[in-house]
Amino acid sequence: MSKKYQEEYEVAFSPRLVMEEASRCLLCLDAPCSASCPAGTDPAKFIRSLRFKNVKGAAETVRINNILGAICARVCPTERYCQAGCSRSGIDKPIDIGRIQRYITDFEDALKMDILEVKEDNGKKIAVIGSGPAGLTVAAELAKEGFKVTIYEKEAKAGGYLRYGIPEYRLPNAIVDREIDRIVKLGVDIVLNTKVGEDIKVEDLRKDNDAVIFAVGYSQGKMLDMFKDNRKVIKAVDWLKKTKIRKGNVKVPENVLVIGGGDVAMDVVTSLKLLGCPHVTDVVYEQFSEFRASKKELMNAQEQGVTIIDGYVPVATGRGGIVKFKHRILPAELKIKADLIILAVGQVADVDGLGLTLEKGEVNVRGVRIPDTNMFFAGDIAHGEKTVVWGVRSGKEVAFEVKRFLGGKK
Amino acid sequence: MVRKDLSITFMGVKFPNPFCLSSSPVGNCYDMCAKAYREGWGGVVFKTIGPKHYLIDEVSPRFDALTKEAEPFVGFKNMEQIAEHPLEENLADLRRLKKEFPNQVLIASIMGSNEEDWEELARLVTEAGADMIELNFSCPQMTSHAMGSDVGSNPELCRKYCQAVRRGTKLPFMAKMTPNITDMCDPAVASIEGGANGISAINTIKSIINVDLDKKVGLPIVDGKSSISGYSGKAVKPVALRFIQQMRMNPKLKDVELSGIGGIETWEDAAEFILLGCKNLQVTTGIMQYGYRIVEDMKNGLEHYMDEQGVDRLEDLVGLANKNIIPAEELDRDYIVYPEINKDKCVGCGRCVISCYDGAHQAMEWDKDSRRPNCNHDKCVGCLLCGLVCPVGAIKPGERVLKAGRKEKNLKKMVLQDTMEKL
Ligand SMILES: Cc1cc2nc3c(=O)[nH]c(=O)nc-3n(C[C@H](O)[C@H](O)[C@H](O)COP(=O)(O)OP(=O)(O)OC[C@H]3O[C@@H](n4cnc5c(N)ncnc54)[C@H](O)[C@@H]3O)c2cc1C
Ligand SMILES: Cc1cc2nc3c(=O)[nH]c(=O)nc-3n(C[C@H](O)[C@H](O)[C@H](O)COP(=O)(O)O)c2cc1C
Ligand code: SF4
Ligand code: SF4
Ligand code: SF4
Chain A
3 MSKKYQEEYE
13 VAFSPRLVME
23 EASRCLLCLD
33 APCSASCPAG
43 TDPAKFIRSL
53 RFKNVKGAAE
63 TVRINNILGA
73 ICARVCPTER
83 YCQAGCSRSG
93 IDKPIDIGRI
103 QRYITDFEDA
113 LKMDILEVKE
123 DNGKKIAVIG
133 SGPAGLTVAA
143 ELAKEGFKVT
153 IYEKEAKAGG
163 YLRYGIPEYR
173 LPNAIVDREI
183 DRIVKLGVDI
193 VLNTKVGEDI
203 KVEDLRKDND
213 AVIFAVGYSQ
223 GKMLDMFKDN
233 RKVIKAVDWL
243 KKTKIRKGNV
253 KVPENVLVIG
263 GGDVAMDVVT
273 SLKLLGCPHV
283 TDVVYEQFSE
293 FRASKKELMN
303 AQEQGVTIID
313 GYVPVATGRG
323 GIVKFKHRIL
333 PAELKIKADL
343 IILAVGQVAD
353 VDGLGLTLEK
363 GEVNVRGVRI
373 PDTNMFFAGD
383 IAHGEKTVVW
393 GVRSGKEVAF
403 EVKRFLGGKK
Chain B
-16 MVRKDLSITF
-6 MGVKFPNPFC
4 LSSSPVGNCY
14 DMCAKAYREG
24 WGGVVFKTIG
34 PKHYLIDEVS
44 PRFDALTKEA
54 EPFVGFKNME
64 QIAEHPLEEN
74 LADLRRLKKE
84 FPNQVLIASI
94 MGSNEEDWEE
104 LARLVTEAGA
114 DMIELNFSCP
124 QMTSHAMGSD
134 VGSNPELCRK
144 YCQAVRRGTK
154 LPFMAKMTPN
164 ITDMCDPAVA
174 SIEGGANGIS
184 AINTIKSIIN
194 VDLDKKVGLP
204 IVDGKSSISG
214 YSGKAVKPVA
224 LRFIQQMRMN
234 PKLKDVELSG
244 IGGIETWEDA
254 AEFILLGCKN
264 LQVTTGIMQY
274 GYRIVEDMKN
284 GLEHYMDEQG
294 VDRLEDLVGL
304 ANKNIIPAEE
314 LDRDYIVYPE
324 INKDKCVGCG
334 RCVISCYDGA
344 HQAMEWDKDS
354 RRPNCNHDKC
364 VGCLLCGLVC
374 PVGAIKPGER
384 VLKAGRKEKN
394 LKKMVLQDTM
404 EKL
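Line by line, the protein sequences give chains A and B.
Numbering-wise, our numbering comes out as the position in the first sequence, counting from 1, plus 2.
Position 189 of the second sequence, counted from 1, bears residue number 172 in our numbering, the numbering being contiguous throughout.
Since the hints were derived computationally from the structure, they do not count as laboratory data.
It is possible that part of the hints are untrue.
Calculated lysine to aspartate or glutamate pairs in the EDC-like style (CA-CA distance at most 20 angstroms, straight line) [to be verified]: (1) A/K55 to B/E255; (2) B/K(-13) to A/E403; (3) B/K405 to A/E23; (4) A/K55 to B/E251; (5) A/K159 to A/E119; (6) A/K47 to B/E251; (7) B/K(-13) to A/D116; (8) B/K81 to B/E22; (9) A/K243 to A/D191; (10) A/K114 to B/D350; (11) A/K326 to A/D179; (12) A/K150 to A/E200; (13) A/K146 to A/D354; (14) A/K47 to B/E279; (15) A/K209 to B/E54; (16) A/K55 to B/E279; (17) A/K114 to B/E291; (18) A/K55 to B/D350; (19) A/K47 to B/E22; (20) B/K362 to B/D350; (21) B/K51 to A/E119.
Beyond 10 angstroms from chain A on every Cβ pair, some chain B residues (computed) [to be verified]: (22) M(-16); (23) L202; (24) D206; (25) M232; (26) R276; (27) Y318; (28) P380.
Since we're looking at a predicted model, the values are computed, not measured.
Where is the CB? At the ideal position from N, CA and C, for every residue including glycine.
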């Protein structure tokens, strides 16, 4: 079947199929799945609800715990989290928890269910910087508790990498819109096109609010020195952003070289293929046995016919899009000439003008609050894994701490 | 978040919700009932308590399950009798439960072998603090013929024992009926006339569910032998619903309060019993298979259903379906509904064609090239067997037509089934 960039790659469950999948669930005691979601989701409970015909109850279970439930359902590396210890693996393979959650949240949307409740206004104001998963979650959690929350976002639309990073075929922006609408409905204000540190000072936010939360993520792609000022080179996150904004209407050359082997690289190569690029070559530093990309994304890339070469590092560049590689271990060399070179070698934070100090990419204090201030931080810049669900976890944790911190005042 | 009040008054006692453990091993002792209360059950019918002189001696193993295709458990067979624990211990458990869970309902189930037993047991459980009593007239595998379903199929014994119980207690009590009878109304009417305040139904159905083909004996096997004994679980729900409806339609029983039992696992099952007239619901097999936790989704699902139906009191749903179950001779036989095939949904398996040919009227034709069915209206009788077997729900009730020579009527205004799918 030919797949398209603008269509979800993974087919949704029908009511019958989701029931078949739920029927595979063993309804475990002390369910391992429920003990291993970073955001505290209880899959065993919502699968049981589904199994016992209470789909609305299942939707409540998902949504009350995770304001980004429909997004996590699509982008979570479930093989590492809830599905990792699934007891069903003792028989055949884990329950497809992500896809079940997607069915449940689609159902919630189809029925326009209104699940969340907001407590009375408590008179306290919060500013959140950044509208990625961490910023959205902390804002929603605090809004539910009665805080007046404003998010400041430098881009023209909210969502961080949900909107501008993860490609349409994995996470349609229509889904991101729906999740954000729900958050706005809780009373959260989102101020767009406003870069904190440039358009507005952190000091001013601190004065006007009871707490300020940094959730600025890793908003820039990394560059390798040898590719600086090379006109054939673009950073992966910049290419993905452009492609998603233009709904896939971008010019795709004949022959593209991608460097990197993580999930971002997989997103680039698969997007290229779905957009009709005939020759996509991905050269990866790691060898297959140590690949960082999720198995599923790697499989999708391979299914789409991407050429993946493992174990090579770029060592030099030549004119007209030439890159020379050396094998990390073997005495082997490789030379590739491409029309376009996309670098997917990691992302870094941009904390200019924010007064934050990072160490190995993370704010260098213990806990989630900068000592002796009303400033907190969440998401990729906080300690932990760099995934959406960790953003949710971190957002929930910071909301809890903010509530505790401000509990006594006013 | 949906929030509806599930409380309902049954036989004069207010239940926080209608869901109760039915009398069986699921409510065998203090610990079990306490756990069930904590997990949200509205009430407990404690395991049937017998007279001191009747000694219980159980077999092992004592259960078996009927399976079908990938379903592990559509029906369940048991060869268990009544409480194994000594009378004093059971009474002590009742006392402690009532003391620690005053807001949830405690129902004692009792069974005697003569009038003295019944009166005495009623008195004892009343003293122990039960809120109401259930009389077990219905266990089909008692080792004494003076007890169990032999009593429940004899209206005179039911009347006599109800009268005895009335002498022993002022509490409301219900008589639990056996389905091993043609007309349940007879013993039910006799029980009410004997003083019962309500009826619960059903207990298990006499059964043999599997035969071991090598050993040539029914399952479970007890030293090479087996017995006819009680069948329960999802598979018995249709039988239970039928008895409930028949009692509701009986002029002498129409106002009698009913507790529905038999195959309840989901809120949908529960809602069916309620719509057919039950104010109270009891469960065993679902709990034995899945645990007390099933009550969470039964409660939450029922709240959502109330929300969809726009009712605030569960009472308002009780019995709404009774009037729509009518004698077969009164059904409208003037029209046919033809199957409507969604050719995009169809995956081309041909099951509808096979079933229509071999089990209906050879109306579903098969286009070999496109692998798609087509209904020939000249032959189709509108039984819709095809819709029930289609694995993807591609067939639903479609065009309706009046049979030749019938009086003109507005088919659009009639209430018709709109899907064959059960999901
Ligand atoms: C291409 C790609 C694919 C990914 N795929 C997955 C996946 O499938 N599953 C998964 O779990 N994770 C995935 N990730 C990782 C995941 O997206 C991140 O871990 C997550 O988005 C981090 O959330 P965050 O809220 O910390 O930051 P971000 O999502 O980066 O959001 C930060 C926001 O802050 C804004 N901002 C930054 N500075 C300022 C400022 N000074 N003023 C105002 N606003 C500012 C940014 O514009 C941005 O909107 C992927 C990442 C990328 C890049
Ligand atoms: C193992 C087992 C033991 C039972 N013991 C009793 C009992 O002691 N007293 C009684 O009234 N009913 C007894 N029952 C019948 C149940 O209470 C109930 O009426 C029947 O199982 C139908 O409901 P279900 O389909 O929810 O199981 C027993 C049922 C089972 C399966
Ligand atoms: S661990 Fe797997 S089988 Fe067990 S409850 Fe969770 S999803 Fe079901
Ligand atoms: S409705 Fe009955 S007769 Fe008609 S096509 Fe279907 S199975 Fe055949
Ligand atoms: S049973 Fe359903 S899927 Fe199979 S051929 Fe008939 S309509 Fe198609």
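How the hints compare with the structure:
1. Taking the CA atoms of A/K55 and B/E255, the gap is near 14 angstroms; set against the 20 angstroms cutoff, the hint holds.
2. Note on B/K(-13) and A/E403: the hinted pairing is violated, with a Cα-Cα distance of about 33 angstroms set against a maximum of 20 angstroms.
3. Taken as a hint, the B/K405 and A/E23 pair is honoured in the structure, with Cα atoms around 16 angstroms apart against an allowance of 20 angstroms.
4. Between the alpha carbons of A/K55 and B/E251 the distance comes to roughly 7 angstroms, so the proposed pair stays at or under 20 angstroms and holds.
5. Distance restraint check for A/K159 and A/E119: the Cα-Cα separation of roughly 25 angstroms exceeds the 20 angstroms cut-off, and the hinted pair is therefore not satisfied.
6. Restraint check for A/K47 and B/E251: the C-alpha separation of about 18 angstroms stays at or below 20 angstroms, so the hint holds.
7. Note on B/K(-13) and A/D116: the hinted pairing holds, with a Cα-Cα distance of about 15 angstroms set against a maximum of 20 angstroms.
8. Taking the CA atoms of B/K81 and B/E22, the gap is near 16 angstroms; set against the 20 angstroms cutoff, the hint holds.
9. A C-alpha spacing of about 24 angstroms is found between A/K243 and A/D191, which places the hinted pair above 20 angstroms, so the restraint is violated.
10. As the CA atoms of A/K114 and B/D350 are separated by approximately 41 angstroms, the hinted pair breaks the 20 angstroms bound.
11. Note on A/K326 and A/D179: the hinted pairing is violated, with a Cα-Cα distance of about 42 angstroms set against a maximum of 20 angstroms.
12. The hinted pair formed by A/K150 and A/E200 fails the criterion: a straight-line CA distance of about 23 angstroms is larger than 20 angstroms.
13. The suggested pairing of A/K146 with A/D354 is violated, with an alpha-carbon distance near 31 angstroms, which exceeds 20 angstroms.
14. Proposed proximity of A/K47 and B/E279 is supported: the alpha carbons are some 10 angstroms apart, at most 20 angstroms.
15. In summary, the hint linking A/K209 to B/E54 is not supported, as the alpha carbons are separated by about 63 angstroms, beyond the 20 angstroms threshold.
16. The straight-line distance between the Cα atoms of A/K55 and B/E279 is roughly 12 angstroms, inside the 20 angstroms bound, and the hint therefore holds.
17. Distance check on the hinted pair: A/K114 and B/E291 sit about 13 angstroms apart at the alpha-carbon level, within 20 angstroms; holds.
18. For the given pair, A/K55 sits about 37 angstroms from B/D350 by alpha-carbon distance, which is inconsistent with the 20 angstroms threshold.
19. Between the alpha carbons of A/K47 and B/E22 the distance comes to roughly 14 angstroms, so the proposed pair stays at or under 20 angstroms and holds.
20. Between B/K362 and B/D350 the alpha-carbon distance is near 17 angstroms, which keeps this suggested pair within the 20 angstroms criterion.
21. Under the criterion of a C-alpha separation no larger than 20 angstroms, the hint pairing B/K51 with A/E119 is inconsistent with the structure, at around 44 angstroms.
22. The claim that B/M(-16) is not at the interface with chain A is violated, since a C-beta of that chain comes within 10 angstroms of its own (minimum 6 angstroms).
23. No beta-carbon of chain A comes within 10 angstroms of the beta-carbon of B/L202; the shortest separation is about 24 angstroms.
24. No beta-carbon of chain A comes within 10 angstroms of the beta-carbon of B/D206; the shortest separation is about 33 angstroms.
25. With a least beta-carbon separation of about 28 angstroms from chain A, B/M232 lies farther than 10 angstroms from that chain, consistent with its non-interface assignment.
26. Not every Cβ of chain A is farther than 10 angstroms from the Cβ of B/R276; the closest lies at roughly 7 angstroms, contradicting the non-interface assignment.
27. For B/Y318, the condition that its CB be more than 10 angstroms from all CB atoms of chain A holds, with the nearest at approximately 29 angstroms.
28. Here B/P380 stays apart from chain A, with its beta-carbon at least about 18 angstroms from theirs, past the 10 angstroms limit.
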